[in-house]
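Asks: Protein sequence lines correspond, in order, to chains D and Z. The first sequence runs 1 to 307 under UniProt numbering. The second sequence runs 1 to 342 under UniProt numbering.
Read the hints as simulated data drawn from the structure, not as lab findings. Quick reminder that beta carbons are idealized off the backbone N, C-alpha and C, glycines included. A hint or two may mislead.
Unchecked claim - Straight-line alpha carbon distances no greater than 30 Å define the calculated DSSO-like cross-link-like pairs of lysine-lysine that follow: (1) Z:Lys95 to D:Lys216; (2) Z:Lys103 to D:Lys216; (3) Z:Lys143 to Z:Lys103; (4) D:Lys216 to Z:Lys289; (5) Z:Lys143 to Z:Lys95; (6) Z:Lys143 to D:Lys216; (7) Z:Lys289 to Z:Lys337; (8) Z:Lys108 to Z:Lys95.
Said to hold, decoys possible - One side only, chain Z facing chain D, incomplete, derived with CB under 7 Å: (9) Gly42; (10) Arg105; (11) Leu120; (12) Asn121; (13) Val165; (14) Tyr260.
To be verified - Beyond 12 Å from chain Z on every Cβ pair, some chain D residues (computed): (15) Phe16; (16) Thr19; (17) Phe21; (18) Ala46; (19) His67; (20) Gln71; (21) Tyr148; (22) Gly172; (23) Thr208; (24) Gly213; (25) Val222; (26) Leu224; (27) Asn227; (28) His257; (29) Ile267.
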Amino acid sequence: MGRYVIRRLLQMVPVFIGTTFLIFVMVYALGDPVAAMFGDRAPDPATAAQIRHAMYLDHSLPAQYVHYMKQIFTGNFGTAATGQPVTELMGSAFPVTIRLTLVAFAIEAVAGIGLGLLAGMRRGRFADTGVLAFTLLVVAVPTFVTGYVLQYFLGVKWHVANPAVAEGAPIGDLILPGLVLAAVSLAYVARLTRTSVAENARADYVRTAVAKGLPKRRVVTVHLLRNSLIPVVTFLGTDIGGLMAGAVVTERIFNIHGVGYQLYQGILRQNPPTVVGFVTILVIIFLAANLLVDLLYAVLDPRIRYA
Amino acid sequence: MTATDTMAGAPAPATATAPLLEVRDLHVEFHTRDGVARAVNGVNYSVNAGETLAVLGESGSGKSVTAQAIMGILDMPPGRIPQGEILFQGQDMLKMSAEARRKIRGRKIAMIFQDALSSLNPVLSVGYQLGEMFRVHQGLSRKAAKARSIELMDRVRIPGARARVNDYPHQFSGGMRQRIMIAMALALEPDLIIADEPTTALDVTVQAQVMDLLAELQRESTMGLILITHDLGVVADVADKIAVMYAGRIVENAPVHEIYRQPAHPYTKGLLQSIPRVDRKGQELYAIKGLPPNLLHVPAGCAFNPRCPMAQDVCRTDVPPLHTVGAGRGSACHFWKETLGD
C-alpha cells in the first residue's frame, strides 16, 4: 500500500508539470498582459520594456515557466491585476468555493444515490421512468439555463431562496447555487447508481442475504448498496475537481466571489499569475481527489489489493 | 412417511406426528412477456425431523423454484403462487405476514446455495457474514458474534478458523467456501435446511467431503434436510427418500433404496441408466432422448411423453395422477406396473 501511494505520487509529477505548462502556454497566448494594463492607451515603449523585465516577460516561454514554478514553490504566486498578491485572492476565494463545492457534493451524493436507489429497486415502474426522464432533462439543459431559471423562480419570484449570495457566502445562501452546480452530476450519479443497483439486486449474495432472514433495510444498505456504490464512489471522487471547475458559471450567476469569479476576472484582465495560479491549485486538488478515490476503491472492494 | 403421497393429498391434521414441513398442491407460475411459465404444477412432498429428502430433477424441473417458494425468496412479481399450502410445523407459511416469514428464514429454515462464490457477499468478510446471523436474530454484540463465527467455522472444519475469520470469500478455496455456506445455514440450528445443489460447483473429491459433512452434521441433530440435486450418485448415501421432479410435477417418490432397485417411472429409469458405470466401460453412455420441455408450452398429457420410450396415446391426452405403488411410494405414470415389471 505504501509503495503504491509513493508510485502514484511520483506519477503525478509529470501530470502536474504537463497540465500547468499547457495552461501557462495558453494564458500566454491570450495576449499581452502589459498592453492589457494600459487599457486603450498605447504604453510608452520604455516603460513597457521596464515592466516586461520586472515581470520576467522578456525571457523565452520555457524560461518563464521555470521561473514561475520556482516562484510558486516559494509561495509567491505573483500579483493580480488589482495589485493584490494572488495568494491573498486565493485565501479569500478558495474557502468560498470549497464551501460551495461541499454543499453541491452533499446534494449530488445524497440526492443522486437516493434517486438512483429508488429507480434501481423499482426498475421499469413509475418511479424508475420518472427518475430517468428527470435526469435526462437535467443533463440536457445547460447549467446557465438551470441557474438563471431557478434563480428567477425560487429567488426573485417566489422568494424561497436568496437570488444572490451575501458577502462571506453563508451556507444557507449556498444551497440554491449548490443545487445548480450539482444538477448535472446529480443526474449522472442517479443513473449510475440505478444501473448498478438494478444489476446487483439480482445477484446471488443479495438472495443469500434475504434467505438469512435479514430485515429488508439491512439487505439493501449493508449488502446491496455497499456493492452498488463502488462505481459511484469513483465518479463522485473525480467529480470533486469537476465541481470546483464548474463553479465558474455558477459563481457568475449568483455573484459568488470564489475561484470561478477570480478566474473569470483573471482571464478578462489578461492577468497570467491569477489564471495560472488558480488553475495550478485546482490541478493539485484534482490529482489528490483521484488518488483518494483509488485508495478508497481498495477499502470498498477487498478483492482489489495494491502492491 | 405420511399418507399424503397421492396428488389429491388429503390434508392430515396437524398432530404431534405431523411432518416438519409439508408442501401441498403447490403451484408457482412466472408471468413473462411470452406468456405464463408454469414452473411448479401441484407439488406435494413432506419432510420429517431428522429425515433427508432428495429432490431430483433436471434444470427447469421446478425443484429450485419449489425450494425458493418454501424459503419465501421467490421474486414476486414476476413469480406468483396461485394455489397451494406450505405447512411448516403445522402452520401455512403462505398465509403468514412478511415479517413472520422473515423471522423463520435463517432461524428455523436455512438454505445452502449452489455457487458459494457468488452467493457470499464479495466485499464483506466471512466472519461478518456469519456473525450477521447472531447479531440480527439473537442481538449479539459484534464481539460475541465473532466468537460464535469462529466456533461455527471450527464445526465445519475450516482449518485455522481464528486466523481466517476476517478473510474474504475470494481468499478461500471452493470447498472451504461451501463449508462457510453450510456454517451459515447451521448458525442458528434451524429445524430444516434446504441445500440447493450444494456440491455442483465443486470437484468430485471435494463433493464427497462436503456431502459427508452435511450427512454428519444432520446425524448429530434432529434437523430435516431437503437436498436438491440433479446428481443421482450423490443422493444414495445420504437421502432417506427421493422425489423425482419433471416439468414442475413430482413424477415419482419413494424410499431411496427402492428407487435404485426398481424405478416405477420411465423418467427415473432413464436417469438411473444414464449414470456412467465402470462395468459398462467402452459402451455408449445412455442418454434420455430429447430436451426438457419449455415451461411456456408444456406438452399435453404426461409432460414426459415426447421423450418416453413407453408412451401410448393415453399419455398424450391424460395427465397421469400419482398412483400409489407401494408403502410410501408413488409414480405418476399410466404404465407404472409395466415399468416396475421389466
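Asks: So, for every hint listed, does it hold in this structure?
Replies: Going down the list of hints, with the structure as the test:
Restraint check for Lys95 of chain Z and Lys216 of chain D: the C-alpha separation of about 19 Å stays at or below 30 Å, so the hint holds. The straight-line distance between the Cα atoms of Lys103 of chain Z and Lys216 of chain D is roughly 12 Å, inside the 30 Å bound, and the hint therefore holds. About 23 Å separates the Cα atoms of Lys143 of chain Z and Lys103 of chain Z, which keeps this hinted pair within 30 Å; it holds. Taking the CA atoms of Lys216 of chain D and Lys289 of chain Z, the gap is about 45 Å. The hint is violated against a cut of 30 Å.
Under the criterion of a C-alpha separation no larger than 30 Å, the hint pairing Lys143 of chain Z with Lys95 of chain Z is inconsistent with the structure, at around 37 Å. A C-alpha spacing of about 24 Å is found between Lys143 of chain Z and Lys216 of chain D, which places the hinted pair at or below 30 Å, so the restraint holds. The hinted pair formed by Lys289 of chain Z and Lys337 of chain Z meets the criterion: a straight-line CA distance of about 22 Å does not exceed 30 Å. A threshold of 30 Å between alpha carbons decides the hint, and for Lys108 of chain Z with Lys95 of chain Z the separation of about 17 Å falls inside it, so the pair holds.
Residue-level restraint check for Gly42 of chain Z is violated (minimum Cβ-Cβ distance to chain D is 25 Å; threshold 7 Å). Proximity of Arg105 of chain Z to chain D holds as hinted, the smallest CB-CB distance being about 4 Å (cut-off 7 Å). For Leu120 of chain Z, the shortest C-beta to C-beta distance to chain D is roughly 6 Å, which falls under 7 Å, so the interface hint holds. Taking 7 Å as the C-beta contact cut-off toward chain D, the hint placing Asn121 of chain Z at the interface holds, the least distance being around 4 Å.
The restraint placing Val165 of chain Z at the interface with chain D is violated, with a minimum CB-CB distance near 14 Å, outside the 7 Å limit. Given hint, Tyr260 of chain Z at the interface with chain D, is violated; its Cβ is 31 Å from that chain's nearest Cβ, farther than 7 Å. Every CB of chain Z lies more than 12 Å from the CB of Phe16 of chain D, the least distance being 33 Å, so the non-interface label holds. Annotated as non-interface, Thr19 of chain D keeps its C-beta farther than 12 Å from every C-beta of chain Z; the closest such distance is 34 Å.
No beta-carbon of chain Z is positioned within 12 Å of the beta-carbon of Phe21 of chain D; the least distance is around 41 Å. Every beta carbon of chain Z lies more than 12 Å from that of Ala46 of chain D, the smallest distance being close to 70 Å; the non-interface claim holds. Interface exclusion of His67 of chain D from chain Z stands, the closest Cβ pair being 50 Å apart, more than 12 Å. Every CB of chain Z lies more than 12 Å from the CB of Gln71 of chain D, the least distance being 47 Å, so the non-interface label holds.
No beta-carbon of chain Z is positioned within 12 Å of the beta-carbon of Tyr148 of chain D; the least distance is around 43 Å. Chain Z leaves Gly172 of chain D outside its interface by the beta-carbon criterion, the shortest separation being 38 Å against a cut-off of 12 Å. With a minimum CB-CB distance of about 5 Å to chain Z, Thr208 of chain D fails to clear the 12 Å threshold, and the non-interface call is violated. The non-interface label for Gly213 of chain D is inconsistent with chain Z: the shortest C-beta to C-beta separation is roughly 3 Å, within 12 Å.
Interface exclusion of Val222 of chain D from chain Z breaks down, the closest Cβ pair being 8 Å apart, not more than 12 Å. Once the 12 Å rule is applied to beta carbons, Leu224 of chain D is inconsistent with being away from chain Z; the minimum gap is 10 Å. With a minimum CB-CB distance of about 6 Å to chain Z, Asn227 of chain D fails to clear the 12 Å threshold, and the non-interface call is violated. Chain Z leaves His257 of chain D outside its interface by the beta-carbon criterion, the shortest separation being 43 Å against a cut-off of 12 Å.
Its beta-carbon lying about 45 Å from the closest one in chain Z, Ile267 of chain D satisfies the requirement of being farther than 12 Å from that chain.
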